[in-house]
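Let the hints inform the model, and build the full structure from the sequences given.
If you want the building blocks of each chain, they are given just below.
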Amino acid sequence: MISLHKNLKGAALVAGIASLSLIVTSCSGGGGSSATSAEAKTSGATITVALFMDPPPKASLAAFTKSTGITVNWTNIDWDSLQTKIAAAATAKTYFADATDVDWSRVGQLAKLDWFYPMENYLDTKSLATDMPQLPSFTSNGHVIAVPFDTSFLVTTVNKQLFAKAGITTMPTTIADYTKDLKQIKAKGVSVYPLNIPFAAAEGLSTYWYQTTAAFGGTILNGAGKPQFTTSNSPGYKAAQWMVDAIKNGLVPPGNINVADSLGQQTLMAKGVVASTFADYSGNVGSLYDVPASSTVVNQVEYLATPGVNGPGINMSNPDGIGIPRQAKNPAAAAKFIEWFTSARSQADFAGVSGPDKVMSGYFLPSRLTGIAELTNKGTLIGGAQLSGMLKNSAKPVFPEGAPAWYPEFSRAVYTNLHSAATGSMSVANAIKAIAVTANKLSSGS
Amino acid sequence: MTTFELRNAEPPSGSTPADGSARTKVMRRHRRFDFLPYVLVTPLTLFIVGLALIPATFTVVQSFYRVQPLDPPNRFTGLNNFRRLFNDNAIHSSIGNTALYVLIGVTLSTVLGIAMAVTLQHKFAGRSILIAVLILPWALPGVVEGIVWSGIWDSNTGALNSLLTSLHFIDHYQVFLGQHRILTIAAIELVQVWQITPLSALLVLAALQNIPGDLYEAAYIDGCSPWSVFRRITLPLARPGIAIAMVQAVIATLNIFDQPYVLNGAAPTAASLTMQTYFISFQNLDFGEGYALSLLITVVTLAVSLGVVKLVYRPVEF
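Heads up: the protein sequence lines correspond to chains D and L, in order. All residue numbers for the first sequence refer to the numbering used here, where the first residue is 1146 and numbers rise by one. All residue numbers for the second sequence refer to the numbering used here, where the first residue is 976 and numbers rise by one.
Think of the hints as simulated: they come from the structure by calculation, not from any bench. A hint or two may mislead.
Facing chain L, a subset of chain D residues (Cβ under 10 Å, in silico) [said to hold, decoys possible]: (1) 1218; (2) 1222; (3) 1225; (4) 1228; (5) 1236; (6) 1254; (7) 1344; (8) 1400; (9) 1405; (10) 1550; (11) 1553; (12) 1554; (13) 1561; (14) 1567.
Where chain D lies over chain L, by a calculated footprint (3+ residues, C-beta under 8 Å) [unchecked claim]: (15) 1114 to 1124; (16) 1147 to 1159; (17) 1258 to 1271; (18) 1276 to 1290.
Values in this document were obtained by computation on a predicted structure and should not be read as measured data. All residues carry an ideal CB built from backbone N, CA and C; glycine is no exception.
Quick look at the structure:
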């Protein structure tokens, strides 16, 4: 009896241990942020980098591994899924990457939640600032939570051939002239729908409105997060009205109601369907519109100083950064990778200075002024002088005090209501009112 | 011998124990309990409890708390999360959208599923190939289907617009998604119907395969028309399968996310309740409200499914 009882107990014990090990394995994760001995060790470490783009060339990564002893596992995750992953992993205090994307719009939120390591703990961010004009966009309360790895700001692009066909010999410098020229292009039958606006309910619609508001001479929120667009003569209100009127009056393709800012908008410009994109992405001329494989308007598109109220206006910055989540297993190694990834040499190589072998797919514009200068001097950056000038002089952050922690909810209110106004299911006045109500609610902390 | 028989067994004759040892042996056998089934089921049970029941319980409990990383600490707020949901216009709009998804999706997938099952009921040349082709949409993830269909519905460069203009049915490209609410929801739901109908067809087909052939023979001998046979024999006897198919359609349509998100973004025109759960949880970082909405969706799914079973399911015996 004793031996039988023992056998039964043993079998149950084994089964229990097997079950527990299954559960422990499935629940395991989380590198934790307090492994001080692991933080110090970099050589021999393996890190995971999660970004929304393809990795650098294998040879470049191999050279990095050889010089630092750090092996990089690259994961390409689309932007929306990546933001969800960052939030889910941080909330669950679970590891998913050692270095990942920090979008300019999430800086306020991520900084308040303390989900990323301050980069000044690992890099000389003070000297970076002189070469990276967009570094302040990733600074919150004196802490730099990410380093920008590309230069992205909103620019106006025009198909000069279509403008010329419509008899426009002098390019517009004000919003009024720009609108008049678009109507002329339509009236002369050069382009049925000359203007490109991505009215899909997505982030691109929000940033388009921010750029248009800046062109009208205004801002979206003040330092306290209060809306600056509520009255009908405010720049933000006028910008929204201008955008909605453009689709109602036939300047924008009706199908743009479901076109997002990335593939859809750029395809229309690259195929010559539209004549101008008011808020396009810096670098698109050289990387997309002048590439025969993807464009039928090669050498036809150029950058235009964004028309403003009385002359050229401001360009809104929307850069991407790379930072180290608090759950990283090896933050020191991740910091070394970020230092290499954002170095002037690497950025120039990724953008094509050293030939096609070192080009990183999808990488268009360095975040460093020295990188842009090198590309321009070597003639590999189309419109480089113009872009460099814009970056230095007119590219400004959307929120000078930094994106608020509640930005994602605010942005959703912006793009859903502007989308509804464009479909005609609500008026611009009601859309603006709804956006303002959300901004006031969020800024007051309720 | 079973445990019961052992328990009541008389000791073997001629073996009267002088010291009771044989009786003791029988009594030991009486107490044997078979652990093996429980041991074998334990890992799966723990897995289900750990990965389904515990998170579900956590969701129910946390739905009564304010859980916002931007506003710590977590604290009990009673029904506040639910109150905020019921006062949210975006939620109201999504309830209407989701109801339309359920109505269109369940109706279409059931009707088409039955039609497909009846067609596949009898053997014909190429039947197995046809089944394999029909099942293909079910194998594809919803996101992939959304991307494929976005190329069809696209208002600027879509295949459908291109086809209709080349056939001169329309003179300029139409906007199928985003402009009109009903049209947008119908277009999106068609994509999901394309995905879930194969499963409905297989479930109904399985039920049809159980119907004895001699019932059909007798019916035809008695002069019944095909429609009459379908109405009086096929449909009633396939009700268990139809009920299961409808329940799975209810679950799929009530929880729709991939297709509207890919095809129409976050536009309120066609945003579903599950999309709102995603926005509230991962954009607003209001997990308490997200838990509350998840709980409500689960309760509604359960209630509607039970209603469908009550209305449609009938036990069938052959």
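Now the hints, each set against the structure:
no., hint, result
1, 1218, "violated, 24 Å"
2, 1222, "violated, 13 Å"
3, 1225, "holds, 9 Å"
4, 1228, "holds, 7 Å"
5, 1236, "holds, 6 Å"
6, 1254, "holds, 7 Å"
7, 1344, "holds, 8 Å"
8, 1400, "holds, 3 Å"
9, 1405, "holds, 7 Å"
10, 1550, "holds, 6 Å"
11, 1553, "holds, 4 Å"
12, 1554, "holds, 5 Å"
13, 1561, "holds, 5 Å"
14, 1567, "holds, 9 Å"
15, 1114 to 1124, "violated (count 0)"
16, 1147 to 1159, "holds (count 6)"
17, 1258 to 1271, "holds (count 4)"
18, 1276 to 1290, "violated (count 0)"
Of the numbered hints listed earlier, those contradicted by the structure are 1, 2, 15, 18.
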